[in-house]
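Novice: The primary structure of each chain is shown beneath.
Protein chains: 6
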Amino acid sequence: MVNWTDLTFEDFKKLNRDNVLVILPVGSIEEHGPHLPLSSDTDQAIFVANKISEKIESVILPSIYYGNTDLDDFEGTITVSFDTLRSLIYDILLSVIKWKFTKILIISGHAGSIHMAAIRDAAIKIVRENTVKIMFLSDYDIAYELRGNLVPENDSHAGLIETSRMMAIRPDLVKKDTKFLFHGKGKYMIIDNYSSIYPYGTLSDPSGATRELGEKVNEYIMEKLIKLIKENFSL
Amino acid sequence: MVNWTDLTFEDFKKLNRDNVLVILPVGSIEEHGPHLPLSSDTDQAIFVANKISEKIESVILPSIYYGNTDLDDFEGTITVSFDTLRSLIYDILLSVIKWKFTKILIISGHAGSIHMAAIRDAAIKIVRENTVKIMFLSDYDIAYELRGNLVPENDSHAGLIETSRMMAIRPDLVKKDTKFLFHGKGKYMIIDNYSSIYPYGTLSDPSGATRELGEKVNEYIMEKLIKLIKENFSL
Amino acid sequence: MVNWTDLTFEDFKKLNRDNVLVILPVGSIEEHGPHLPLSSDTDQAIFVANKISEKIESVILPSIYYGNTDLDDFEGTITVSFDTLRSLIYDILLSVIKWKFTKILIISGHAGSIHMAAIRDAAIKIVRENTVKIMFLSDYDIAYELRGNLVPENDSHAGLIETSRMMAIRPDLVKKDTKFLFHGKGKYMIIDNYSSIYPYGTLSDPSGATRELGEKVNEYIMEKLIKLIKENFSL
Amino acid sequence: MVNWTDLTFEDFKKLNRDNVLVILPVGSIEEHGPHLPLSSDTDQAIFVANKISEKIESVILPSIYYGNTDLDDFEGTITVSFDTLRSLIYDILLSVIKWKFTKILIISGHAGSIHMAAIRDAAIKIVRENTVKIMFLSDYDIAYELRGNLVPENDSHAGLIETSRMMAIRPDLVKKDTKFLFHGKGKYMIIDNYSSIYPYGTLSDPSGATRELGEKVNEYIMEKLIKLIKENFSL
Amino acid sequence: MVNWTDLTFEDFKKLNRDNVLVILPVGSIEEHGPHLPLSSDTDQAIFVANKISEKIESVILPSIYYGNTDLDDFEGTITVSFDTLRSLIYDILLSVIKWKFTKILIISGHAGSIHMAAIRDAAIKIVRENTVKIMFLSDYDIAYELRGNLVPENDSHAGLIETSRMMAIRPDLVKKDTKFLFHGKGKYMIIDNYSSIYPYGTLSDPSGATRELGEKVNEYIMEKLIKLIKENFSL
Amino acid sequence: MVNWTDLTFEDFKKLNRDNVLVILPVGSIEEHGPHLPLSSDTDQAIFVANKISEKIESVILPSIYYGNTDLDDFEGTITVSFDTLRSLIYDILLSVIKWKFTKILIISGHAGSIHMAAIRDAAIKIVRENTVKIMFLSDYDIAYELRGNLVPENDSHAGLIETSRMMAIRPDLVKKDTKFLFHGKGKYMIIDNYSSIYPYGTLSDPSGATRELGEKVNEYIMEKLIKLIKENFSL
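These protein sequence lines map, in sequence, to chains B, G, R, Y, Z and X.
Numbered per numbering that gives the first Met the number 0, the first sequence spans residues 0 to 234.
Numbered per numbering that gives the first Met the number 0, the second sequence spans residues 0 to 234.
Numbered per numbering that gives the first Met the number 0, the third sequence spans residues 0 to 234.
Numbered per numbering that gives the first Met the number 0, the fourth sequence spans residues 0 to 234.
Numbered per numbering that gives the first Met the number 0, the fifth sequence spans residues 0 to 234.
Numbered per numbering that gives the first Met the number 0, the sixth sequence spans residues 0 to 234.
Just chain B, with the same shape it has in the complex (with noise of 0.2 Å):
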């Protein structure tokens, strides 16, 4: 594993960029119930970056905290807009191509769908001016192809998936009050107050999370990723 910041420009220079895999981790800060810290969907990031290192040949970006949420009426959380992180990944992506490396993985422990759209869009347009291969996913699209399976139907934020992989990543940063509550409603309505509906921050129950589980579907996640990283990059 390299840290693309360790490097310096000379040894930059060395660097091989046809056989290497650039990843880009992003994150959020966001609330996630009172058993997780608010860092958690950046580090679920970062693990996933590190652990495709230990298999792919990899230079990994610093990562990036700084996401897009609308759950910002939960203390400490905090939000950048849209247009914030399109300009961040399409400028970060822009240095990256800069410096010939044509495969590029974005990682997102976040999944919000405005989030999404913003580093999406970002990349889009990369891919459209230049020659590079860009793929861009959350490991929430992979993990919640257990829903009904390892876990229920309706696993959601900082429920079962999510607890049980912190248990297993950052265990000094987990907390064991898991509350649930979910008042409901307001399915399709555009909502500014998350906290109104479900007011401890979890959207599903949490409760009998284990480090166990977490493990189960981190490799999981590892094993499909790694799969289309191969596939698609031709690595």
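Warning: the hint list may mix true and false statements.
[Said to hold, decoys possible] Example chain R residues on the side facing chain Y (calculated, C-beta under 10 Å, incomplete):
hint, residue
1, D5
2, F11
3, K12
4, G32
5, L37
6, D42
7, D90
8, L93
9, V95
[To be verified] In the DSSO-like style, the derived pairs of lysine-lysine whose C-alpha atoms are separated by at most 30 Å in a straight line are:
hint, chain 1, residue 1, chain 2, residue 2
10, R, K13, Y, K175
11, G, K186, X, K99
12, Y, K13, R, K178
The set of hints was computed from the structure by calculation and includes no laboratory data.
Remember, it's a predicted structure, so these values are computed and weren't measured experimentally.
We put the CB at the ideal spot given by N, CA and C, even for glycine.
Add chains G, R, Y, Z and X to chain B, keeping to what the hints say.
Specialist: For chains G, R, Y, Z and X alone, coordinates are given in the frame of chain B:
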């Protein structure tokens, strides 16, 4: 010291707001000669933030690696535009003041004029629209007071002070290889290929740098900075 | 049913505001295989809007044909940028709330992720700044609940549901010629030439589509949607 | 006449490009006195587009109802900003020229100066960057040549010509009630409350309007316009 | 007459605000045939501003030379974009109203439609957000009332009126060489190479221009304008 | 010396392009104590531009009075945003290089950090996209080399140098009344009310200023500047 993102939103509610300094470290991903890592500016900002938190009750935000720099014809350098950086800082500050903090320090390890103006332009907008105190500087605003005294008048980018500081802060990332060549010329010209002017990426001679000098400079910065923080924020 | 634009400004003054739903139909101009017109998404949104107005007192705004789509390497497809679509929706909503309506439904026949995020980003800004309720969804959010049940799990763009619905809604514009070919591959890749992946513009097999199926799906959508509208808007 | 959106993408491939005029009708949703519908400007643009297509081989784009107007203190009027309108027109034109059309007419039923400048600013950018001919005018640029001749010198918004034309084009939407009052004053002033100057939304007296006059004006416009199109586009 | 910028900030404090007109002269740097300087539009705006200040208590802002024009394929012509001009006017007006002036005249010697719309769009925003009166016109809005009377109907850019006025205002900058050629054609077309239509940059014949005619036109403008100012601003 | 705008477009065609310096003087409208006019920065930039043209073949553009400044709580100060200033400079430079000039000097009499960054950000974009040399500085970059020598170390805004220079350049606009008071404090703080820190708008003591000192400083600036111009532009 408290990392903002280590907290849950419930932890966050209990945070003191009035007598706490929120610190946002900002750096860059910029060439620093053949001997210093691309992360140098960010490393120094993070170091300063952590040092402050030993003396002043602080909450530290995730550091921003992605700054603006004109040295982008050196391999590995990443730059984001003025607009991107300004938006990012602005959005983060908006969230910080939403959570009722009123004492904010932005410490930038990078001191490029467009980079600094982007942060300043975001901060002045926040100050005009809200009741909040923001201090903003580069640690080099203080470090370079030592020019002509501890180090030569012309000490600069990746030179004696910077190399010495990095030897004290991140010795694991510092290399021995300190080349220096400066073709001079081009004063006040708008330049987009700095590698033609100082091909080794060092704007002054770093040879002679020592960990001891670095520690001395760091102490000088911290002493001055803590004093300024206490005065300006009544902390 | 009332078309907003059929009124004079004097008629308009007499309109009930409190118990009326303003409906903004949004679509796209996008390839839908060799058998469906470029207007398909818009046609379906208009159909839904009109059907709602039979059950709920409604004022219908002129529909927006110009949406955002990535399928723009198929002939005739027109796409507008995220920013354009967001601004358009935002400005329209500003005028709608200026005239004191508080219950707004945006129904999009197109469900692309950037398209949806653009509308959502406009709507969330309006909701944050005003006292108004906005419901926003694609009719396909509901229609695809039928996947794995009435239609195969993988039913998608220009497939069985969409073709059947168009046979029920605009039979005059539906052609018999339903080709389907999907090269698979490219999952999670940022793609700017979808015609290389599904050359006929159909993402699932439309053969077997019938008007009866279309009517059944339309009824399913309307039943669910009317219920949601009544609940969320107390109408 | 061909509606762009009635086609499938396969139909579209067969379209002649060189000797075909693409027509984009643009209007507004604007008060037009107590006797004319908010759609008046758009209705007239659509009428003109359809009439042209009887004489010239044309493909007609979906009309844009959402224009820019300063009369937005009259109930029901909807305005979009200069920027929104310009972006919308620009993006649409980008797609039109992507599909190799080189002869485009933008016909606006609304003639407000900011509205017209927004469209013009988009079109000039397209013309500078591409090889394409764009004609852009309001039908009122031609209709008002009849001032001082067929109608009084001061005939204007919602007055004799406009009312007569609407009687010929959309008689179902025209009401008898033609009030007129103009307080004068305010010449060259920047005004944001036009209802204080002409409370009935009519800028000149519409009484005396007839369907016959409307037809005569429409014929005059069409004759002039067809001639201009043929000359300028060699069609 | 008072030049805004001649004052110290202490002088400024003593300025009357209520019965004073702030004048912002706007021009362009645009070809005006082989006989008139690029500054012509600005010269005329400055002249008018100064003349007003002889009759009305005024504070004159530094004039803006940098306007928007489409004639930018003639050598030396400088154009700024709609957005730049609008922002510039907006920011200046913001400062003017900050200092409590409520009567503002923007007089533009240039009358291009995009140029005028940019200024208008800035001014309307200011008027909507503040309590201030803004008058905005081109002196040519008045001057061209003389078409068909003192000068031919088709008198236009760099023609009889404009040349005569410049002979009266800046005789030192007027040359004898008045060429005129107009290829006609292109009505309503979006044109980016006007030099192909009127190669000498004159849109109507300037021969026959005299200083006396210029003075007459100037007097006509001033009489009308002073009257309008007095009426609209109660000055 | 040639004023760009005094020329006709025909004169312009005959201009030498290769061995000519285009000069754009930029200033501000900013308080300069009770003794100096709001135009001080612009006056000095114009003076420098004119002086250069005595030694170097030059074409001088109309000067820009409207700069960016944070001192906008002093009466009469006008500020434009970073974005406005950057756009203005960028658009002007675009036109200048369109007319084939390759040697451009931007001389700013104002040296605020955001103001300077705005101009720099415009200029760097131009340099990256075109083959052109741009020199950009404030005359104060040179003048303040005299600090600690001809004037005290802390000489600053509206102080000894600036007052003396204005006595030499625009004696008609300089007043005797030189008050000075500086509350200190606030170093590195983001400040939006500078009048609370130096109520008289003078950042250092201007008493003792003389025309002779001003002339000496001006000569120093000109000597250095002419040398730099000759070196950098081979003029």
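Novice: So, for every hint listed, does it hold in this structure?
Specialist: Cross-check of the supplied hints:
A cut of 10 Å between beta carbons decides the hint on D5/R: the least distance to chain Y is about 5 Å, and the hint holds. Annotation: interface hint on F11/R holds; nearest CB of chain Y at approximately 4 Å, less than 10 Å. Nearest Cβ of chain Y to the Cβ of K12/R: about 5 Å, under the 10 Å cut. The hint holds. A least Cβ separation of about 7 Å between G32/R and chain Y falls short of the 10 Å threshold, and the interface hint therefore holds.
The interface hint given for L37/R is met, as the beta carbon of that residue sits about 5 Å from the closest beta carbon of chain Y, less than 10 Å. About 9 Å separates the beta-carbon of D42/R from the nearest beta-carbon of chain Y, less than 10 Å, and the hint is met. A distance limit of 10 Å between C-beta atoms decides the matter here; for D90/R the minimum to chain Y is near 4 Å, and the interface restraint holds. The restraint placing L93/R at the interface with chain Y holds, with a minimum CB-CB distance near 9 Å, inside the 10 Å limit.
Because the smallest distance between the Cβ of V95/R and any Cβ of chain Y comes to about 7 Å, under 10 Å, the interface hint for this residue holds. For the hint linking K13/R to K175/Y, the alpha-carbon distance of about 18 Å falls within 30 Å, and the restraint holds. For the hint linking K186/G to K99/X, the alpha-carbon distance of about 24 Å falls within 30 Å, and the restraint holds. Taking the CA atoms of K13/Y and K178/R, the gap is near 18 Å; set against the 30 Å cutoff, the hint holds.
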